[in-house]
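A.B. asks: What follows is the residue order along each chain.
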Amino acid sequence: MALAVSSRVPPVHGLGTPVALDGGTLVAHAMRQTRPDVVAAYPITPQTVITEAFSQFVANGEVHTEFVPVESEHAALSVCIGAAAAGARAQTATSGPGLALMWELLGVASGMRLPIVMHLCTRALSAPINILCDHSDAMAMRDTGWLLLFSENGQEAYDQAIIAVRLGEHPQVLLPVANVLDGFIVTHCVERALLLPDEVVSEFVGEYQPAYALLDLQRPVTVGGLDFQDFHMEHKRGQVEAMARAKGVLEGLFQEFAEISGRIYRLVEPYRLADAEVGVVVLGSTAGTVRYVVDRLRARGVRAGMLSIRSFRPFPALEVAAALAEVKAVGVLDRALAPGASAPPLFSDIASALAGVGLSKRLLGWVYGIGGREVLPQHIEGVFHTLADPSVPPGLVGWLGLREGR
Amino acid sequence: MPVTLALRDLASQTDLLAPGHGLCAGCSESVIVRLVLHALGRPAVVSLATGCLEVSTTRYPWTAWRVPVIHSAFENSAATISGVEAAWKALRRRGKAVPEDVAFVVFAGDGATYDIGLQWLSGAMERGHRFLYICLNNEGYMNTGIQRSSATISWTWTTTTPVGRVLPGKPQWRKDLTAIAAAHGIPYVAQTAPHHWKDLMQKVQKAVRVDGPAFINVLAPCNRGWRYPPEETIRISKLAVDTCIWPLYEVERGQWRLTYRPSHKLPIQAWLEAQGRFAHLLREEHRPLVEEIQQRVDQEWEALLQRCSQR
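For the record, the sequence lines run as chains W and D. Per the numbering used here, the very first residue in the first sequence carries number 1; after that it's consecutive. Per the numbering used here, the very first residue in the second sequence carries number 1; after that it's consecutive.
Note that these hints are calculated values from the structure, not bench results. It should be emphasised that the depicted structure is a prediction, and the values quoted were computed from it without experimental measurement. Watch out, some of these pointers could steer you wrong.
[As the list claims (entries may be wrong)] The calculated label-pair distances, taken between Cβ atoms and stated as ranges, are:
| no. | chain 1 | residue 1 | chain 2 | residue 2 | range |
| --- | --- | --- | --- | --- | --- |
| 1 | D | Glu100 | W | Ser55 | 25 to 33 Å |
| 2 | W | Pro339 | D | Gln255 | 56 to 64 Å |
| 3 | D | Glu100 | W | Val58 | 18 to 26 Å |
Backbone N, C-alpha and C fix where the C-beta goes; we use that ideal spot for every residue, glycine too.
Work out the full structure, taking the sequences as your base and the hints as a guide.
C.D. replies: In structure tokens, the structure reads:
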């Protein structure tokens, strides 16, 4: 077994001061640097590292932020909604059951077009209760009108926490943004990362200029009024159109961010995919494992590649289809279940992206990592092996690392 | 800016809740809201819970509000105003142009306050935000069609506590939410009712001057849900106070004080007779239920008098 990690695993590169920090603390630094006016959060594992680190910045007087230590996650998002509607920059962070408790207000935040930023540290939803990573929480907010950006490691979570502020507040977007980082795997693992200077981040994010604000007493507005069959549909269409515009805005922000950081991000991140015969599509931290396996397989002459989805909402269907156009067999890894559905969430999106441009492709799916079940290189190797075996019928193949029997 | 409570001055002020809203004829809520907004004497930002007031005054593309208003959800109006107040603090700290003197006010019904929103209210009171929470207590879920709440008293008819062959209305007594608010140790808590407009406005003036949370529980007679003619609203409000089922008092920095003592305490029968929701209790067979209600009212009234005489 090859011990050396390939040089193709992207090193932490670009500009900034090197630090060794866990992903949660890195995100807390991004929060400090993006200068939110109001932060409201409630402790929940594995998110708590963020709230604790940020509370210390407040206690040290390093931020002007009004930190509201609420009595529940539902209140956390309620406070952010009130603050953002008042004209302030508002942020929160949560995980799994906390997100589930917020759920009612996810649509309120997006329906009111409030650019709240949430750092979602993914955690399995109960029951059975579990504190470890899967994407059942993130997928439960999939259709609530939030932008969803997945990150592979602490550096990406930090960088996206900065980009998310600009994205949500962009006048062409005005939508809440979830910066998604895998619970424990990203939130708690100490990694080498690069912190941008405070003033560089501050200048990048700029000031929030709300179009309407409750605290603008000269122009009193009614926010969140009753909206029936005569206007509701038009308002909802406005949200969908803003989500579509967000794609171009995000690409522009990636370019701007590359200028200050030297780190180049894309809506989807292809890896050794250009000449690949077998490709795996993945979300979040597992991209690191898949990249490692791709390199091992390439060393053995297997034409393997990967597509990691950074922008899950908006879903860049055309970019996905273009990236996978030449790949003969595609395997989709889902870290969430959709019981009773024709396929789990990522698989469904990939299938419809391919169908949308008339691409017919050998498409196989696996579920993995539910409730924090480890996904190992040999699991991913098995996926690639199955993709290359034409005798395996397409569709949902199975569960990686599942203990067989009852 | 202090507001004089002379009727002539009040009558000449612009109503901050404009006419043309959809509240029922006879509804006490618009009366209360206009009195509150006048009494504040400063600009306000308002947070509404889902309920009659919200759905009747914010129908897009219109609004009856001449002050900034936000409605987020049913249970979270106290957390929402917490966010507005936190934003105001942070923006002032950064030297942003935000108004210097502004009141943060919540209007929420008893369902939104006693029941589904109690946690959010308790959290906001404990954190000490500067806000005035007005509970418009019409003793039930009137917006969804007259269902029982924990503010509904025993043996009341509602659509979820109907009078049937075995149950003569709601079996439980109400919860004493005003005392629960006072137990949070916040600077100002009061109970009032709209017929005594001066009592109501004076309490709002006190509440808005404190640097912290204030809670005022306002009885909000509902002619549709309580089953009485619309022109009776103010008389019903007075009956509640004169029968001592809804005493007027305040708790200022822990000091309990009665603000009105009826010269002649009326029997509860007078309150029950005036409303169709209690019609079944007037039947001879239910005399023990009326006696039970009278006992509860008497006990609570005596306990209140004791609390108010303590130093």
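A.B. asks: Would you mind marking each hint as holding or not holding in the structure?
C.D. replies: Hints, verified against the model:
no. : hint                              : result
1   : Glu100(D) - Ser55(W): 25 to 33 Å  : holds, 29 Å
2   : Pro339(W) - Gln255(D): 56 to 64 Å : holds, 58 Å
3   : Glu100(D) - Val58(W): 18 to 26 Å  : holds, 24 Å
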